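Input sequences plus hints: build the corresponding full structure.
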Amino acid sequence: MSLLIVNCFHWIGFHLVDHLLEEGYEVCGMDDLGSEKKENLSMFFGRNDSFKLISEKEESEFDTVIVVDDVFPATISSKKTIEIGFNSIEGREGQIIQVTVPILFGEWMPMSEEGIIYNDRLIPFESEEFLTEAIYINDFIQVFSQLIKASNLSNNIMVCSQKCRDSKDVSLENSIYIRDNVPIEEKVEEVKRHYQRYKDFYGS
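For the sequence shown, this note's numbering assigns the number 27 to the initial residue and increments by one for each residue that follows.
These are calculated hints, taken from the structure and not from any lab test.
A hint or two may mislead.
[As the list claims (entries may be wrong)] Lysine to aspartate or glutamate pairs mimicking DMTMM-like chemistry, simulated, CA-CA at most 25 Å apart: (1) Lys-106 x Glu-52; (2) Lys-225 x Glu-65; (3) Lys-218 x Glu-52; (4) Lys-64 x Asp-146; (5) Lys-189 x Asp-226; (6) Lys-64 x Asp-75; (7) Lys-218 x Glu-154; (8) Lys-64 x Asp-44; (9) Lys-175 x Glu-65; (10) Lys-175 x Glu-152; (11) Lys-106 x Glu-62; (12) Lys-225 x Asp-165; (13) Lys-218 x Glu-65; (14) Lys-106 x Glu-49; (15) Lys-189 x Glu-140; (16) Lys-213 x Glu-133; (17) Lys-175 x Asp-89; (18) Lys-105 x Asp-44.
Everything numeric in this text was worked out from a predicted model, so none of it was measured.
Printed below as a string of C-alpha coordinates:
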(Lines of atoms letter the chains of each structure in order from A and count residues from 1; the text may use other names and numbers.)
(Lines give C-alpha, C1' and ligand atoms only; values in the text may rest on other atoms or scores of the structure.)
Protein backbone atom coordinates (compact mmCIF):
# COMPACT_ATOMS: atom_id res chain seq x y z
CA MET A 1 0.00 0.00 0.00
CA SER A 2 1.35 3.42 -0.96
CA LEU A 3 0.75 6.11 1.69
CA LEU A 4 1.12 9.88 1.71
CA ILE A 5 0.73 12.08 4.80
CA VAL A 6 0.08 15.73 3.94
CA ASN A 7 1.29 18.14 6.64
CA CYS A 8 3.41 15.32 8.01
CA PHE A 9 5.26 17.52 10.52
CA HIS A 10 2.13 18.96 12.05
CA TRP A 11 2.28 17.47 15.54
CA ILE A 12 -0.56 15.05 14.75
CA GLY A 13 0.98 14.18 11.39
CA PHE A 14 4.31 13.51 13.11
CA HIS A 15 2.76 10.97 15.48
CA LEU A 16 0.92 9.34 12.60
CA VAL A 17 4.08 8.96 10.50
CA ASP A 18 5.99 7.63 13.51
CA HIS A 19 3.33 4.98 14.19
CA LEU A 20 3.05 3.87 10.56
CA LEU A 21 6.82 3.51 10.24
CA GLU A 22 6.87 1.38 13.39
CA GLU A 23 4.13 -0.77 11.85
CA GLY A 24 6.36 -1.42 8.85
CA TYR A 25 4.73 0.85 6.27
CA GLU A 26 6.68 2.80 3.70
CA VAL A 27 5.47 6.38 4.06
CA CYS A 28 5.78 9.49 1.93
CA GLY A 29 5.32 12.86 3.57
CA MET A 30 4.59 16.34 2.29
CA ASP A 31 5.25 19.56 4.23
CA ASP A 32 6.81 22.95 3.68
CA LEU A 33 9.13 22.89 6.73
CA GLY A 34 8.26 26.54 7.24
CA SER A 35 9.00 26.63 10.95
CA GLU A 36 11.82 25.71 13.31
CA LYS A 37 9.58 23.20 15.05
CA LYS A 38 8.85 21.36 11.80
CA GLU A 39 12.54 21.41 10.91
CA ASN A 40 13.30 19.78 14.25
CA LEU A 41 10.60 17.14 13.89
CA SER A 42 11.77 16.29 10.37
CA MET A 43 15.12 15.18 11.79
CA PHE A 44 13.47 12.23 13.54
CA PHE A 45 12.78 10.59 10.16
CA GLY A 46 15.75 11.90 8.17
CA ARG A 47 17.68 8.62 8.24
CA ASN A 48 14.73 6.26 7.97
CA ASP A 49 14.82 4.53 4.59
CA SER A 50 11.08 3.86 4.81
CA PHE A 51 10.25 7.57 4.84
CA LYS A 52 10.46 9.93 1.87
CA LEU A 53 9.67 13.64 1.86
CA ILE A 54 8.23 14.70 -1.49
CA SER A 55 7.52 18.08 -3.05
CA GLU A 56 4.04 19.42 -3.77
CA LYS A 57 5.28 19.98 -7.32
CA GLU A 58 5.69 16.24 -7.92
CA GLU A 59 2.77 14.52 -9.64
CA SER A 60 2.12 11.26 -7.81
CA GLU A 61 -0.58 8.67 -7.22
CA PHE A 62 -1.15 6.86 -3.92
CA ASP A 63 -3.46 4.20 -2.60
CA THR A 64 -4.22 6.31 0.48
CA VAL A 65 -3.61 9.98 1.22
CA ILE A 66 -4.08 11.32 4.76
CA VAL A 67 -4.52 15.08 5.02
CA VAL A 68 -3.87 16.62 8.45
CA ASP A 69 -5.30 20.14 8.84
CA ASP A 70 -4.34 21.13 5.29
CA VAL A 71 -5.61 21.22 1.72
CA PHE A 72 -5.34 18.38 -0.76
CA PRO A 73 -2.44 19.00 -3.18
CA ALA A 74 -3.56 19.51 -6.77
CA THR A 75 -0.70 17.36 -8.08
CA ILE A 76 -1.73 14.27 -6.08
CA SER A 77 -4.33 11.62 -6.86
CA SER A 78 -5.47 8.79 -4.59
CA LYS A 79 -7.87 5.88 -4.39
CA LYS A 80 -8.78 6.79 -0.81
CA THR A 81 -8.41 10.11 1.00
CA ILE A 82 -8.76 10.45 4.77
CA GLU A 83 -9.02 13.97 6.11
CA ILE A 84 -8.31 14.58 9.79
CA GLY A 85 -10.15 17.50 11.09
CA PHE A 86 -10.56 20.79 9.60
CA ASN A 87 -10.65 21.58 5.86
CA SER A 88 -13.36 20.32 3.54
CA ILE A 89 -12.13 18.34 0.55
CA GLU A 90 -14.38 18.68 -2.46
CA GLY A 91 -14.16 17.69 -6.08
CA ARG A 92 -11.67 14.87 -5.54
CA GLU A 93 -11.82 11.50 -7.22
CA GLY A 94 -11.88 8.30 -5.19
CA GLN A 95 -13.24 7.60 -1.73
CA ILE A 96 -13.14 10.58 0.65
CA ILE A 97 -13.47 10.03 4.40
CA GLN A 98 -13.68 12.98 6.77
CA VAL A 99 -12.72 12.22 10.36
CA THR A 100 -13.88 14.70 12.98
CA VAL A 101 -11.56 14.62 15.97
CA PRO A 102 -12.04 15.66 19.59
CA ILE A 103 -9.46 17.50 21.69
CA LEU A 104 -6.26 15.55 21.10
CA PHE A 105 -3.23 15.97 23.34
CA GLY A 106 0.28 14.60 23.34
CA GLU A 107 3.94 15.30 22.87
CA TRP A 108 4.78 18.24 20.55
CA MET A 109 1.28 19.74 20.69
CA PRO A 110 0.87 23.52 21.10
CA MET A 111 0.73 23.92 24.87
CA SER A 112 1.80 25.75 28.00
CA GLU A 113 2.44 24.42 31.48
CA GLU A 114 -1.23 25.04 32.32
CA GLY A 115 -2.96 23.42 29.37
CA ILE A 116 -3.32 22.78 25.65
CA ILE A 117 -3.64 25.51 23.02
CA TYR A 118 -6.65 24.39 20.98
CA ASN A 119 -8.32 26.52 18.29
CA ASP A 120 -6.39 29.56 19.56
CA ARG A 121 -7.59 29.21 23.14
CA LEU A 122 -6.13 27.70 26.28
CA ILE A 123 -7.91 24.68 27.69
CA PRO A 124 -6.54 23.97 31.19
CA PHE A 125 -5.52 20.38 31.92
CA GLU A 126 -7.67 20.46 35.06
CA SER A 127 -10.81 21.76 33.31
CA GLU A 128 -13.92 19.62 32.96
CA GLU A 129 -13.81 20.15 29.19
CA PHE A 130 -10.32 18.67 28.94
CA LEU A 131 -10.88 15.79 31.37
CA THR A 132 -14.14 14.80 29.65
CA GLU A 133 -13.34 15.30 25.97
CA ALA A 134 -9.58 14.95 25.49
CA ILE A 135 -7.94 11.83 24.04
CA TYR A 136 -4.23 11.02 24.19
CA ILE A 137 -2.69 11.08 20.71
CA ASN A 138 -1.36 7.51 20.73
CA ASP A 139 -4.76 6.13 21.76
CA PHE A 140 -6.27 8.01 18.81
CA ILE A 141 -3.56 6.84 16.40
CA GLN A 142 -4.09 3.19 17.36
CA VAL A 143 -7.75 3.46 16.36
CA PHE A 144 -7.15 5.70 13.35
CA SER A 145 -4.63 3.29 11.84
CA GLN A 146 -7.43 0.72 11.52
CA LEU A 147 -9.29 3.11 9.21
CA ILE A 148 -6.38 2.96 6.79
CA LYS A 149 -6.82 -0.79 6.39
CA ALA A 150 -10.62 -0.82 6.43
CA SER A 151 -12.97 -0.74 3.44
CA ASN A 152 -16.62 0.27 3.13
CA LEU A 153 -16.23 3.13 5.59
CA SER A 154 -18.72 5.92 6.11
CA ASN A 155 -17.76 9.19 4.44
CA ASN A 156 -18.05 10.96 7.79
CA ILE A 157 -16.67 9.52 11.02
CA MET A 158 -16.68 11.20 14.41
CA VAL A 159 -14.14 10.20 17.06
CA CYS A 160 -15.08 10.90 20.67
CA SER A 161 -13.91 10.11 24.17
CA GLN A 162 -15.83 7.32 25.89
CA LYS A 163 -16.10 9.62 28.93
CA CYS A 164 -17.92 12.19 26.80
CA ARG A 165 -20.36 9.51 25.66
CA ASP A 166 -20.95 8.37 29.24
CA SER A 167 -21.55 11.89 30.51
CA LYS A 168 -24.05 12.75 27.78
CA ASP A 169 -25.62 9.28 27.55
CA VAL A 170 -25.75 9.43 23.77
CA SER A 171 -24.45 7.27 20.94
CA LEU A 172 -24.10 8.90 17.55
CA GLU A 173 -24.22 7.01 14.28
CA ASN A 174 -20.82 6.58 12.58
CA SER A 175 -19.02 7.47 15.81
CA ILE A 176 -15.97 5.79 17.33
CA TYR A 177 -15.55 6.04 21.09
CA ILE A 178 -12.09 5.71 22.61
CA ARG A 179 -11.55 4.66 26.19
CA ASP A 180 -8.44 5.76 28.14
CA ASN A 181 -5.93 2.90 28.37
CA VAL A 182 -4.49 4.57 31.47
CA PRO A 183 -5.88 7.46 33.53
CA ILE A 184 -5.72 10.72 31.60
CA GLU A 185 -3.95 12.40 34.52
CA GLU A 186 -0.98 10.03 34.12
CA LYS A 187 -0.68 10.82 30.41
CA VAL A 188 -0.86 14.55 31.14
CA GLU A 189 2.05 14.21 33.57
CA GLU A 190 4.07 12.36 30.92
CA VAL A 191 3.38 15.10 28.38
CA LYS A 192 4.31 17.80 30.91
CA ARG A 193 7.65 16.07 31.59
CA HIS A 194 8.32 15.89 27.85
CA TYR A 195 7.42 19.58 27.52
CA GLN A 196 9.81 20.54 30.32
CA ARG A 197 12.62 18.51 28.76
CA TYR A 198 12.17 19.79 25.20
CA LYS A 199 10.50 23.13 25.86
CA ASP A 200 12.78 25.03 23.47
CA PHE A 201 11.62 22.80 20.60
CA TYR A 202 7.90 23.29 21.25
CA GLY A 203 7.86 26.73 19.63
CA SER A 204 6.12 27.48 16.37
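Taking the hints in turn, this is what the structure says about them:
{"no.": "1", "hint": "Lys-106 x Glu-52", "result": "holds (17 Å)"}
{"no.": "2", "hint": "Lys-225 x Glu-65", "result": "holds (15 Å)"}
{"no.": "3", "hint": "Lys-218 x Glu-52", "result": "violated (31 Å)"}
{"no.": "4", "hint": "Lys-64 x Asp-146", "result": "holds (19 Å)"}
{"no.": "5", "hint": "Lys-189 x Asp-226", "result": "violated (33 Å)"}
{"no.": "6", "hint": "Lys-64 x Asp-75", "result": "holds (19 Å)"}
{"no.": "7", "hint": "Lys-218 x Glu-154", "result": "holds (18 Å)"}
{"no.": "8", "hint": "Lys-64 x Asp-44", "result": "holds (14 Å)"}
{"no.": "9", "hint": "Lys-175 x Glu-65", "result": "violated (30 Å)"}
{"no.": "10", "hint": "Lys-175 x Glu-152", "result": "violated (36 Å)"}
{"no.": "11", "hint": "Lys-106 x Glu-62", "result": "violated (31 Å)"}
{"no.": "12", "hint": "Lys-225 x Asp-165", "result": "holds (23 Å)"}
{"no.": "13", "hint": "Lys-218 x Glu-65", "result": "holds (22 Å)"}
{"no.": "14", "hint": "Lys-106 x Glu-49", "result": "holds (20 Å)"}
{"no.": "15", "hint": "Lys-189 x Glu-140", "result": "holds (22 Å)"}
{"no.": "16", "hint": "Lys-213 x Glu-133", "result": "holds (10 Å)"}
{"no.": "17", "hint": "Lys-175 x Asp-89", "result": "holds (11 Å)"}
{"no.": "18", "hint": "Lys-105 x Asp-44", "result": "holds (23 Å)"}
Against the hints set out earlier in the document, violations occur for numbers 3, 5, 9, 10, 11.
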